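Asks: The primary structure of each chain is shown beneath.
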Amino acid sequence: MDKNRKFKSVLQYFVLAVGSVVMLVPFLWMILTAFKTASEATQMNPFIIFPSVWRKDAFLSVMSKMNFLRLYYNTLVLIIERVVCAVLTATMAGYAFGRLHFKGKNLAFSLVLFQMMVPSQIFIIPQYLMVGKLGLLNTSFGLLFPGLVTAFGTFLLRQAYMGLPASLEEAARLDGCNIGQAFLYVMAPLTKSSMVALGIFTALFAFKELMWPLVVNTEQNTMPLSAALAKLQGQFVTNYPELMAASLLACIPMVIIYLIFQKQFIEGIATSGGKL
Amino acid sequence: MNREKTVSRREKSEFLWGWLFLLPTMAGLIILNIIPIFQTIYQSFFKTGAFGKGNVFIGLGNYSKLLQDGTVWQALWNTFKYALVEVPFSIAIALVLAVILNGKIKGRSIWRTIYFLPMVAAPAAVAMVWRWLYNSEFGLINHLLNRIGLSSVNWISDPGIAYISVAIVGIWSVIGYNMVLFFAGLQEIPRDYYEAAEIDGAGGVKQFFYITLPLISPTMFFVTVTRVIGAMQVFDSIYMMMEKSNPALVKTQSLVYLFYKYSFVEGNKGYGSAIVMLLLLVILLITVIQLLCQKKWVNYN
Chain S
1 MDKNRKFKSV LQYFVLAVGS VVMLVPFLWM ILTAFKTASE ATQMNPFIIF
51 PSVWRKDAFL SVMSKMNFLR LYYNTLVLII ERVVCAVLTA TMAGYAFGRL
101 HFKGKNLAFS LVLFQMMVPS QIFIIPQYLM VGKLGLLNTS FGLLFPGLVT
151 AFGTFLLRQA YMGLPASLEE AARLDGCNIG QAFLYVMAPL TKSSMVALGI
201 FTALFAFKEL MWPLVVNTEQ NTMPLSAALA KLQGQFVTNY PELMAASLLA
251 CIPMVIIYLI FQKQFIEGIA TSGGKL
Chain Y
1 MNREKTVSRR EKSEFLWGWL FLLPTMAGLI ILNIIPIFQT IYQSFFKTGA
51 FGKGNVFIGL GNYSKLLQDG TVWQALWNTF KYALVEVPFS IAIALVLAVI
101 LNGKIKGRSI WRTIYFLPMV AAPAAVAMVW RWLYNSEFGL INHLLNRIGL
151 SSVNWISDPG IAYISVAIVG IWSVIGYNMV LFFAGLQEIP RDYYEAAEID
201 GAGGVKQFFY ITLPLISPTM FFVTVTRVIG AMQVFDSIYM MMEKSNPALV
251 KTQSLVYLFY KYSFVEGNKG YGSAIVMLLL LVILLITVIQ LLCQKKWVNY
301 N
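Chains as they are written, first to last, in the numbering used here: chain S, 1 to 276; chain Y, 1 to 301.
Chain S with its partners taken away, still in its complex shape (with noise of 0.2 Å):
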């Protein structure tokens, strides 16, 4: 028995170690790439793991043909505009339906989850032409726009709003708080872990979004950096160490922030997808 339990503990340790092994090693690889000459990126034989120097030429390269800074700050601001707009629109949202009882309630919140329902993608090309009705293509709002509300947002603070007792809100009330001020006051400051995990995801798939940058914004000075990523595929397809140079730009600033906040990041993740 005692025996049996040991080799369980080893397999145990043993599959998370080979699992890590593979979730780890492309970003490796995306680092010993970066560092390369293209030549000993492609030399076969011998095949060369780590470069015979470490060199920054691919950085140097890609940063002339990329302006990061402007990238890493266009790609700032779309978060920052996200999070701002979804969480202060989805509290809101969220304790009218979570905790208020009024005529047409059932239905503004059957839209909210017949958006949730369908693919986002049957919403674009009447976005963009509206982004662009409105001369705003290449603009941060051109790209903060699909992002105005958030339906998924206002359901995860309405299960939030839910949960919480009523006698808080009777009590304020009691106190001659009208309903803003209960919910000002009181209510909202108690949803602070689902605004943070609705922050977190927003700024996660602001980060992450692809197909609706490359529609609306094509000029390199207003890409996000996922985009301007998918641009820099097209010009020069084989230099691989300056497409992982790229690549580990792109990654580096939130992988930092990522591993500084891992806890928020990943019960963020768990409530967000385990409230719906």
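It should be emphasised that the hints constitute simulated quantities derived from the structure, not laboratory data.
Predicted model, so just to flag it, every value in this text is computed and none were measured.
Positions of the beta carbon are idealized from the N, C-alpha and C atoms, including for glycine.
Any given hint could turn out to be false.
[Unchecked claim] If you want a taste of the chain S side facing chain Y, the calculated C-beta under 7 Å gives, among others:
# : residue
1 : P26
2 : G98
3 : N106
4 : L111
5 : L144
6 : P146
7 : V255
[Unchecked claim] Among chain Y residues calculated to face chain S with C-beta under 10 Å, some are:
#  : residue
8  : T71
9  : L97
10 : M128
11 : Q207
12 : S217
13 : F264
14 : L280
[What the hints assert, rightly or not] Straight-line Cα separation of at most 27 Å, BS3-like style, residue types lysine-lysine; simulated pairs:
#  : chain 1 : residue 1 : chain 2 : residue 2
15 : Y       : K81       : S       : K6
16 : Y       : K261      : S       : K231
17 : S       : K3        : Y       : K106
18 : Y       : K244      : S       : K65
19 : Y       : K206      : S       : K231
20 : Y       : K104      : S       : K8
21 : Y       : K81       : Y       : K261
22 : Y       : K47       : S       : K133
23 : Y       : K261      : S       : K133
24 : Y       : K251      : S       : K231
Here the structure of chain S is known, so what remains is to put chain Y in place on it, guided by the hints.
Replies: Below, chain Y without anything else, positioned relative to chain S:
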């Protein structure tokens, strides 16, 4: 009398505040989502030429073209094949990992951090590095295969294999996400269930099938439904990994890839709209079927 007055005043104020709070979200949803659905349906009855050639009404023309368009049906089939590889494997592997992490394991948060890492990487970067790993001449994977005496594989240019290669990238990317959801579900199973099972002499495998699996079935259902919907919309990895000249593209491109190509590369938004309507129909059908089947295997409580 007085009481009635306060009740109706309260009702009135809830009505006003409620709609005030809903206003931004409802206005946004109507402008960004509800109107666009009708516009997409409307658009699908028109033929759109590139660069302002204008809309020409062709009735059901796009749909009858779509019914006869072999590439669209091939793309639908490709999307199914992709989902059939990505969804079961990403769920099974993630569940095994979550069960291991839920036991007595040292360094749980480090393992979790590693498996979740691909979730925070830009899909464009992920696709590029995998394309490099898959490279048939200089890629790391073929090099390793050759090392152990196997011959090279054309990972993304062999029409019979490319969809699996793309699905592997999808599995790798999403395992951490599924794992985190399963882990949260497992944490809610009371420990005593397992202790009782142990006293009754049930081994690990039995415990998994008689305790873990039934109790985690609601999480499993949620993950399956969202993963299927996600997999049916695969686009990023195909767009980034498959060049237009790739001989395997026809056997790999997804419905959303075709939608993007027709709508934004070739400028035929009418046909693109018809394709996305087909996608909507397929996703709704699959979701309804899953909801109906849920009673058979999902165990609430």
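Asks: The structure should be examined with respect to each hint, and the outcome stated for every one.
Replies: Status of the hints after comparison with the structure:
Taken as an interface hint, P26 of chain S checks out: its beta carbon lies about 5 Å from the nearest beta carbon of chain Y, inside 7 Å. Given the 7 Å rule on beta carbons, the hint for G98 of chain S is violated: about 10 Å separates it from the nearest Cβ of chain Y. With 7 Å as the threshold, the beta carbon of N106 of chain S stays out of range of chain Y, its nearest partner Cβ sitting at about 12 Å, so the hint is violated. The beta carbon of L111 of chain S is positioned within 7 Å of a beta carbon in chain Y (closest approach about 6 Å), and the interface hint is therefore held.
About 11 Å separates the beta-carbon of L144 of chain S from the nearest beta-carbon of chain Y, more than 7 Å, and the hint is not met. A least Cβ separation of about 6 Å between P146 of chain S and chain Y falls short of the 7 Å threshold, and the interface hint therefore holds. For the restraint placing V255 of chain S at the interface with chain Y, the shortest Cβ-Cβ distance is roughly 6 Å, inside the 7 Å limit, so the hint holds. Checking T71 of chain Y against chain S by beta carbon gives a least distance of about 18 Å; that is not within 10 Å, so the hint is violated.
For the restraint placing L97 of chain Y at the interface with chain S, the shortest Cβ-Cβ distance is roughly 6 Å, inside the 10 Å limit, so the hint holds. Restraint check, M128 of chain Y versus chain S: the minimum CB separation of about 5 Å is within 10 Å; hint holds. Given the 10 Å rule on beta carbons, the hint for Q207 of chain Y is violated: about 12 Å separates it from the nearest Cβ of chain S. The closest approach between the C-beta of S217 of chain Y and any C-beta of chain S is roughly 14 Å, which is over the 10 Å cut-off, so the hint fails.
Contact between F264 of chain Y and chain S, as hinted, is supported at the beta carbon level, the nearest pair being about 5 Å apart and thus within 10 Å. Taking 10 Å as the C-beta cut-off, the interface hint given for L280 of chain Y holds, the closest approach to chain S being about 6 Å. The suggested pairing of K81 of chain Y with K6 of chain S is violated, with an alpha-carbon distance near 40 Å, which exceeds 27 Å. Note on K261 of chain Y and K231 of chain S: the hinted pairing holds, with a Cα-Cα distance of about 15 Å set against a maximum of 27 Å.
At roughly 19 Å between alpha-carbon atoms, K3 of chain S and K106 of chain Y fall within 27 Å of each other, so this suggested pair holds. A C-alpha spacing of about 24 Å is found between K244 of chain Y and K65 of chain S, which places the hinted pair at or below 27 Å, so the restraint holds. Taking the CA atoms of K206 of chain Y and K231 of chain S, the gap is about 52 Å. The hint is violated against a cut of 27 Å. In summary, the hint linking K104 of chain Y to K8 of chain S is supported, as the alpha carbons are separated by about 11 Å, within the 27 Å threshold.
With a CA separation close to 20 Å, the supplied pair K81 of chain Y and K261 of chain Y stays within the 27 Å bound. A hinted pair counts as satisfied when its Cα atoms are at most 27 Å apart, and K47 of chain Y with K133 of chain S qualifies at roughly 20 Å. Proposed proximity of K261 of chain Y and K133 of chain S is supported: the alpha carbons are some 22 Å apart, at most 27 Å. Straight-line distance between C-alpha atoms of K251 of chain Y and K231 of chain S comes to about 24 Å, which keeps the hinted pair within the 27 Å bound.
Checked against the numbered hints listed earlier, the structure breaks hints 2, 3, 5, 8, 11, 12, 15, 19; every other hint is satisfied.
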